[in-house]
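Asks: Read off the chains here:
Protein chains: 2
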Amino acid sequence: MNFNYPNGKPYIPKDTAHEINMKNKKNGTYSNRGMTLEEDLNETNEYYRGRKIAIIHKKPTPVQIVQVDYPKRSAAVIKEAYFKQASTTDYNGVYKGKYIDFEAKETQNTTSFPLKNFHQHQIYHMEEVLNHGGICFVILRFTRYEQVYLLEAEHLLVFWERMVNGGRKSITKEEIEQKGHYIPLGFQPRIDYIRIIDTLFYFS
Amino acid sequence: MNFNYPNGKPYIPKDTAHEINMKNKKNGTYSNRGMTLEEDLNETNEYYRGRKIAIIHKKPTPVQIVQVDYPKRSAAVIKEAYFKQASTTDYNGVYKGKYIDFEAKETQNTTSFPLKNFHQHQIYHMEEVLNHGGICFVILRFTRYEQVYLLEAEHLLVFWERMVNGGRKSITKEEIEQKGHYIPLGFQPRIDYIRIIDTLFYFS
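Residue numbers (full-length UniProt numbering), protein chains in the order written: chain F, 1 to 204; chain P, 1 to 204.
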């Protein structure tokens, strides 16, 4: 399955954006401000791994492979493939024996976070994770303000339900400030979401 | 990064094998005997999900994307990409709040299981998962006998260490019978590994 956004713009997963960004880095245009949420989270997860705090990985981008060439004496080349929609969230792993699962999204909006950043499969998945006792949340970034929030999946599900029942198609910034947890940007780690998890009584 | 096996054979991830197998199914050559370990585990995981027993997913095959075309009014097409080596294991998820992580491999050998089926990155990852209190194991299938075993990562690490120290490059079938847990093939689910996990006192 491959797909476009409703506006006809082709869907391009974050990994590709990441690779383009990495190229810019090599060209010397690297700057902290230009780092994507994904890069910040990858750095954060590396920090957690290095310090033996938690083991969290981003899942590979799902790709539907259509045609593969097998040249003699060299590696297989994928000649035709399409981006697929993910059936789960992008990040998962283990913290103190517990299962951790989250999705990360950013918006250019300044007053609300559009729910179209998530899709129904991911919402189902988050519900399932909660039902099985996992720790599940989303990390939301307002890029204009460089503000990052952790919002527990329980709350996201309520906002999603509101939309499904005909309500607004976004979460207002005020709602995120109320129900979510602000994560101040740091140097190491960049986005210290585990500190928030520690305050949320999962381990009491 | 793309790579060949030491024998010069190109590396082809299981997903591709899976797709080829699915094609055979469509041609009417489907048989239970012909099901790959991956297909059996996917069915098993679907069963667990449907029955609300556990949420376990296979990670997508990691692919290094080199060139993408963006045709007007249609989906992005990946025109050049390579298979990458995975940095973690293939399966993970949540069972009773706990983090579960495993790798599945099969061999045509009849007397031992070659350790070249795993790579150093995966061994590191398993070690890390154990250090963080996750449940980690491998599922090993002797395809000739249609016998499946669950071997806890703790034991795999000992056999790996033995190899690194100059010892044998495989685990003998006797060792797997002794240290591992035989999983009788079922109809639903096909490979009931959660039943073994239940006997291993992780939840006492």
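Hints listed in this document are in silico derivations from the structure and should not be mistaken for laboratory results. Certain hints may be false.
No copy is singled out in the list; a pair is fine if it fits within one copy or between any two copies.
[To be verified] Derived DSS-like pairs (lysine-lysine); straight-line CA-CA distance at most 25 Å: (1) 52 <-> 79; (2) 84 <-> 179; (3) 84 <-> 169; (4) 96 <-> 72; (5) 59 <-> 72; (6) 72 <-> 116.
Asks: Please go over all the hints and tell whether each is borne out by the structure.
Replies: We went through each hint and held it up to the structure:
1. In this assembly of identical chains, residue 52 and residue 79 lie within 25 Å of each other by CA distance neither inside one copy nor across copies; the values are 39 Å within and 39 Å between.
2. Taking the shortest Cα distances, residue 84 and residue 179 never come within 25 Å of each other, neither inside one copy (32 Å) nor across copies (40 Å).
3. In this assembly of identical chains, residue 84 and residue 169 lie within 25 Å of each other by CA distance solely inside one copy; the values are 24 Å within and 38 Å between copies.
4. With identical chains, the CA atoms of residue 96 and residue 72 are never at most 25 Å apart, being 47 Å at best within one copy and 48 Å at best between copies.
5. For a Cα distance limit of 25 Å, the shortest separation of residue 59 from residue 72 qualifies neither inside one copy, at 31 Å, nor across copies, at 29 Å.
6. Proximity of residue 72 and residue 116 under a CA criterion of 25 Å is satisfied inter-copy only: 23 Å between copies versus 45 Å inside one chain copy.
In this structure, the hints that do not hold are numbers 1, 2, 4 and 5, in rising order.
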